[in-house]
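Asker: Sequence:
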Amino acid sequence: MFGKKDHAEIKTLIAQGTRIDGALKFEEGLRVDGEVYGAIEAASAGSLLVISEGAVAEGGLTADRVIIAGTVKGPVHARESLELQPRARIEGDVQYVALEIHQGATISGQLRPIEAAATSSEQDRPPIRLAAKSA
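Going by this note's numbering, the sequence shown opens with residue 154, and the numbers climb by one from there.
Because the hints were derived from the structure by calculation, they are not lab data. None of the values given here were measured: they were computed from a predicted structure. Don't take every hint at face value.
DSBU-like mimics (lysine-lysine), calculated; alpha carbons at most 30 Å apart, straight line [unchecked claim]: (1) Lys178 x Lys226; (2) Lys178 x Lys164; (3) Lys226 x Lys164.
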């Protein structure tokens, strides 16, 4: 999607036909094919959260990388990137650093880009000074 980075692999699956009521915290990668009624939050850096087509998540979503193909009711906070597949439906505000929206996806809420922090190498660079040749 946004270049090749090392991201967590999916280690946890909430299967189709499964319903979870309550907040959920996960490490690395989580794929939701069923229904979750409560906040879903990644506890580790480099996290990946996938809401599959036909899945429902009601409550806030927070992860580094978020891919949505199903229905989300609540705010979405993607600390790195957010990808909305063609059948994605979001009812809530969305925060992201990088955003990819496929044709057909819908959002009922505000889009709020998060400014990526300047890298330390950019902050530590001295200002550029141009030297003029004297005649």
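Asker: Now tell me if each hint is right for this structure.
Answerer: Consistency of the hints with the structure:
no.	hint	verdict
1	Lys178 x Lys226	holds, 18 Å
2	Lys178 x Lys164	holds, 13 Å
3	Lys226 x Lys164	holds, 24 Å
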